[in-house]
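All chains, full assembly: derive it from the sequences and hints.
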Amino acid sequence: MSSYELITPDGAAPIKAWVRGVPLEDAARTQLANVARLPFIHRWVAAMPDVHWGI
Numbered sequence: 737m738s739s740y741e742l743i744t745p746d747g748a749a750p751i752k753a754w755v756r757g758v759p760l761e762d763a764a765r766t767q768l769a770n771v772a773r774l775p776f777i778h779r780w781v782a783a784m785p786d787v788h789w790g791i
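In terms of our numbering, the sequence shown opens at residue 737 and continues consecutively.
If you are wondering where the hints come from, they were derived from the structure by calculation, not from laboratory data. The beta carbon of each residue, even a glycine, is placed where N, CA and C say it ideally should be. Careful: at least some of the hints might be erroneous.
[Unchecked claim] Cβ-Cβ distance ranges computed for the label pairs, FRET-style:
| no. | residue 1 | residue 2 | range |
| --- | --- | --- | --- |
| 1 | 786 | 738 | 14 to 22 Å |
| 2 | 737 | 791 | 15 to 23 Å |
| 3 | 744 | 788 | 16 to 24 Å |
In structure tokens form, the structure reads like this:
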């Protein structure tokens, strides 16, 4: 069992999110998926346990 959740949005790099047992806001999940679709992302996006939506 890994210590992170692997999120795989359509058409995007995978997201490794260290959020097991921590609530992940829907807005933050959407924002992470948008970042994962950027053309310069290499391999994956990482999200730490304190991830939250922001501008």
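Going down the list of hints, with the structure as the test:
Distance hint check for residue 786 and residue 738: the Cβ-Cβ separation is about 19 Å, which falls inside the suggested range of 14 to 22 Å. The given range of 15 to 23 Å is broken by residue 737 and residue 791, whose C-beta atoms sit roughly 34 Å from each other. Restraint check, residue 744 to residue 788: a C-beta distance of roughly 21 Å satisfies the suggested window 16 to 24 Å.
Figure legend: structure checked against the earlier numbered hints; the only hint not met is number 2.
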